[in-house]
Amino acid sequence: MDNSDRIEKKILLRAPRSRVWRALTNAEEFGTWFRVKLEGKFTAGERIRGRITHPGYEHVTMEVTVERMDDEKLFSFRWHPYAIDPKIDYSTEPTTLVEFRLQEVAEGTMLTVVESGFDQIPSERRAEAFRMNSQGWAAQMENIRRHVTR
Amino acid sequence: MSPAKAIASTQVRDAAPLFAALGDETRLRLITRLSSGGPGSIARLSRKSRVSRQAITKHLEVLSAAGLVRSSRRGRERIWQLDPKRLTDAHEYLDRISRQWDNALERLKSFVER
Numbered sequence: 001m002d003n004s005d006r007i008e009k010k011i012l013l014r015a016p017r018s019r020v021w022r023a024l025t026n027a028e029e030f031g032t033w034f035r036v037k038l039e040g041k042f043t044a045g046e047r048i049r050g051r052i053t054h055p056g057y058e059h060v061t062m063e064v065t066v067e068r069m070d071d072e073k074l075f076s077f078r079w080h081p082y083a084i085d086p087k088i089d090y091s092t093e094p095t096t097l098v099e100f101r102l103q104e105v106a107e108g109t110m111l112t113v114v115e116s117g118f119d120q121i122p123s124e125r126r127a128e129a130f131r132m133n134s135q136g137w138a139a140q141m142e143n144i145r146r147h148v149t150r
Numbered sequence: 001m002s003p004a005k006a007i008a009s010t011q012v013r014d015a016a017p018l019f020a021a022l023g024d025e026t027r028l029r030l031i032t033r034l035s036s037g038g039p040g041s042i043a044r045l046s047r048k049s050r051v052s053r054q055a056i057t058k059h060l061e062v063l064s065a066a067g068l069v070r071s072s073r074r075g076r077e078r079i080w081q082l083d084p085k086r087l088t089d090a091h092e093y094l095d096r097i098s099r100q101w102d103n104a105l106e107r108l109k110s111f112v113e114r
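Those protein sequences? They're chains U and L, same order as listed. To convert, note that position 109 of the first sequence is 109 in the working numbering; the numbers rise steadily by one, no gaps. To convert, note that position 97 of the second sequence is 97 in the working numbering; the numbers rise steadily by one, no gaps.
Isolated chain U, as found in the complex (with noise of 0.2 angstroms):
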């Protein structure tokens, strides 16, 4: 993976489009597999927010601004990734770009979602990422500088 600006993921979803369609535009829906308590609906061109219920992120608010939502083929939102911490204002940084595209296969749904913009993302961010992992060096240094400072 020698491209630092997007992440790319393919998968094959045994089920048909409107199916998954309605999986992801369905703020509801949405929130049931990627573990988020959306206030509101997903509408073009409009921010919505919500509670993360993922074990351990509970702490967290997921923002995101739909950018299209196009006939089953094409859901997009800008957000910031990684927003971890309830202690930074991210709003004045840049936001990646999430894309949902969808395409009716035999099996059924192939499903393509690109994040993009990573390059863009201040080199703080990308560390305090890295600080979350418990093997990293920033939380080594993180126990130390707690440890000297208490």
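Calculated from the structure, these hints are not laboratory results. All residues carry an ideal CB built from backbone N, CA and C; glycine is no exception. Watch out, some of these pointers could steer you wrong.
DEER-style ranges, computed between Cβ atoms [stated by the list, open to error]: (1) PRO16(U) to GLY67(L): 46 to 54 angstroms; (2) ALA104(L) to LYS73(U): 16 to 24 angstroms; (3) GLU107(U) to GLY37(L): 55 to 63 angstroms; (4) SER72(L) to ARG101(U): 36 to 44 angstroms; (5) THR53(U) to SER98(L): 20 to 28 angstroms; (6) SER98(L) to PRO122(U): 28 to 36 angstroms; (7) GLU25(L) to VAL114(U): 46 to 54 angstroms.
The hints should help you fit chain L onto chain U, whose structure is shown.
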């Protein structure tokens, strides 16, 4: 080599100079200051410190050699900051987010296929 082994071996190789640089009270305090207060000049970093500015500069040079901090010029001042490159890696960050997508899409799969 497996990714886990590659990481382990890199960590071991990088560990010695890193901990040598950190194995000093003044330098650890400098790291702490830079991490909580953000980038700073020698003047700010040596404030309330019993150590002289010259000594602080030397300690910063050691941290810089270990890749933990870097400096830039702002007018006549030198501004020091933590160097996140040593502490992070774009791939590690993307891998993390990538794994989150894998997990989320697996849950989506079982959700729509049931």
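Hint check results:
{"no.": "1", "hint": "PRO16(U) to GLY67(L): 46 to 54 angstroms", "in the structure": "holds (53 angstroms)"}
{"no.": "2", "hint": "ALA104(L) to LYS73(U): 16 to 24 angstroms", "in the structure": "holds (20 angstroms)"}
{"no.": "3", "hint": "GLU107(U) to GLY37(L): 55 to 63 angstroms", "in the structure": "holds (56 angstroms)"}
{"no.": "4", "hint": "SER72(L) to ARG101(U): 36 to 44 angstroms", "in the structure": "holds (42 angstroms)"}
{"no.": "5", "hint": "THR53(U) to SER98(L): 20 to 28 angstroms", "in the structure": "holds (21 angstroms)"}
{"no.": "6", "hint": "SER98(L) to PRO122(U): 28 to 36 angstroms", "in the structure": "violated (19 angstroms)"}
{"no.": "7", "hint": "GLU25(L) to VAL114(U): 46 to 54 angstroms", "in the structure": "holds (48 angstroms)"}
Going down the numbered hints, you'll see the structure goes against just number 6.
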